[in-house]
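2 protein chains.
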Amino acid sequence: MVQKSDEAPRRRGRPRSFDPAEVLGAASERFRTRGYAGTSLDDLVDATGLQRPSLYAAFGDKRAIYLATLDRTIERAGKGFDRLIAAGLPLRDSLQAMFRTVIDGYLTGETGPSGCIMVSTSAASAVDDAEIRERLAAFLKMEDDKIEQLLTAHGDPKAHAHARLATATIHSLSVRARAGASLEDLDALAAECVELIAG
Amino acid sequence: MVQKSDEAPRRRGRPRSFDPAEVLGAASERFRTRGYAGTSLDDLVDATGLQRPSLYAAFGDKRAIYLATLDRTIERAGKGFDRLIAAGLPLRDSLQAMFRTVIDGYLTGETGPSGCIMVSTSAASAVDDAEIRERLAAFLKMEDDKIEQLLTAHGDPKAHAHARLATATIHSLSVRARAGASLEDLDALAAECVELIAG
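Note that the protein sequences, when read in sequence, are chains A and B. Taking the numbering used here, I'd label the letters of the first sequence as residues 1 to 199. Taking the numbering used here, I'd label the letters of the second sequence as residues 1 to 199.
Keep in mind the hints are simulated off the structure, nothing from the lab. Honestly, I wouldn't trust all of these hints.
Note that identical chains are pooled: a pair holds if it fits in a single copy or bridges any two copies.
[To be verified] The calculated lysine to aspartate or glutamate pairs, modelled on DMTMM-like cross-linking and capped at a C-alpha distance of 25 Å, are:
| hint | residue 1 | residue 2 |
| --- | --- | --- |
| 1 | Lys62 | Asp104 |
| 2 | Lys158 | Glu184 |
| 3 | Lys141 | Glu184 |
| 4 | Lys62 | Asp129 |
| 5 | Lys79 | Glu131 |
| 6 | Lys141 | Asp156 |
| 7 | Lys62 | Glu195 |
These numbers were taken from a predicted model, which means no experiment stands behind them.
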């Protein structure tokens, strides 16, 4: 199924070329909507527009695709925090920008507000799956560490504890978004956290 | 399948009597471990010791059993908060007792620390399932309201905002427990929240 060489002759039935990053993004959105166990291979075919053999050749089975979407999320979220830290905004502005990005993202979704794929889907499969659990733990550690780094750069003497409270607020925003909370309610919770840390 | 009357004659093949509350508790534990989509009917047979026809007669299909476990969780957690409020402890002791109960519960599970069935499994299915989403929203509202009631009884002028931060901390404790966080880490996060509210 896999093309062994770039020089393999073009032939009928050969899958059209596609952008792996775009396909992974589409798969990630479907997993974010329905969770790992709730997403079928047919869902992924529907979401990505690729047939099963092409998906399998490019990424492996459903579990491999899911793990790849989690790795993608950890990397992208980490880079987002790095950009925020590099921007060097005042503390309050940094925190407000962080929560703005988080909440706006959490309110998007294929069929409704879908929060965070890690917090709200990988956690559901983490108890019995060590590889998913390790990725969830890595994501939480990344969040804690990056926010602590941001707060330390601003001389917050309680950077460690405040970072964990900010992360806790982010986790709750994901759960609340999926429960149908309003933008106003999510903003109010974020504002209270900003006030506690930067007030 | 269902016995229409208590006076129906006992006959061969009639399911043995069982305690519906106990069966629902066992089903709830399996759902808490594997999530709604990740739990099969065979899992429920294994967890409860009942065969499919008995489960179906008593509770309905898998979805009906799951919704019943969520209703059970909302009711039990609500009663737990009511007992805490009725105990009339000093504010700090109340919050410490609340987090002690939450963390100890979150570290239990069939195969590992499993957190909260609502926050960490129902959220995964909430986007595309209105009935699950409504129950998750009801649970979050119950948590917010009960903790606000507790704080208001202690004259906390920021009871509304503090309650939502305490709830956020509870949500994060569930995610972190499922990610394999240590008791020490969970206790540290809870202690920071107590300090912010009662310090």
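Fill in: Copy assignment of Lys62 with Glu195, given that the CA separation must stay at most 25 Å
neither (42 Å within a copy, 44 Å between copies)
Discussion item. With identical chains, the pair Lys141 and Asp156 could be close in the same copy or across copies; at 25 Å between alpha carbons, which is it: within, between, both, or neither?
Written reply: Classified as within; 19 Å inside a copy, 32 Å across copies.
Worksheet entry | Same-copy or cross-copy closeness of Lys62 to Asp129 [CA-CA at most 25 Å] | both (14 Å within a copy, 22 Å between copies)
Fill in: Status of Glu131 relative to Lys79 across identical chains (alpha carbons, at most 25 Å)
For Lys79 and Glu131, only the intra-copy Cα distance (22 Å) is at most 25 Å; the inter-copy one is 36 Å.
Fill in: Status of Glu184 relative to Lys158 across identical chains (alpha carbons, at most 25 Å)
between (28 Å within a copy, 18 Å between copies)
Item to complete: Could you place Lys62 and Asp104 in one of the four classes (within, between, both, neither) given a Cα distance threshold of 25 Å?
Response: neither (28 Å within a copy, 34 Å between copies)
Discussion item. Within a copy, between copies, both or neither: which one fits Lys141 and Glu184 at a CA-CA cutoff of 25 Å?
Written reply: between (28 Å within a copy, 15 Å between copies)
Of the numbered hints listed earlier, those contradicted by the structure are 1, 7.
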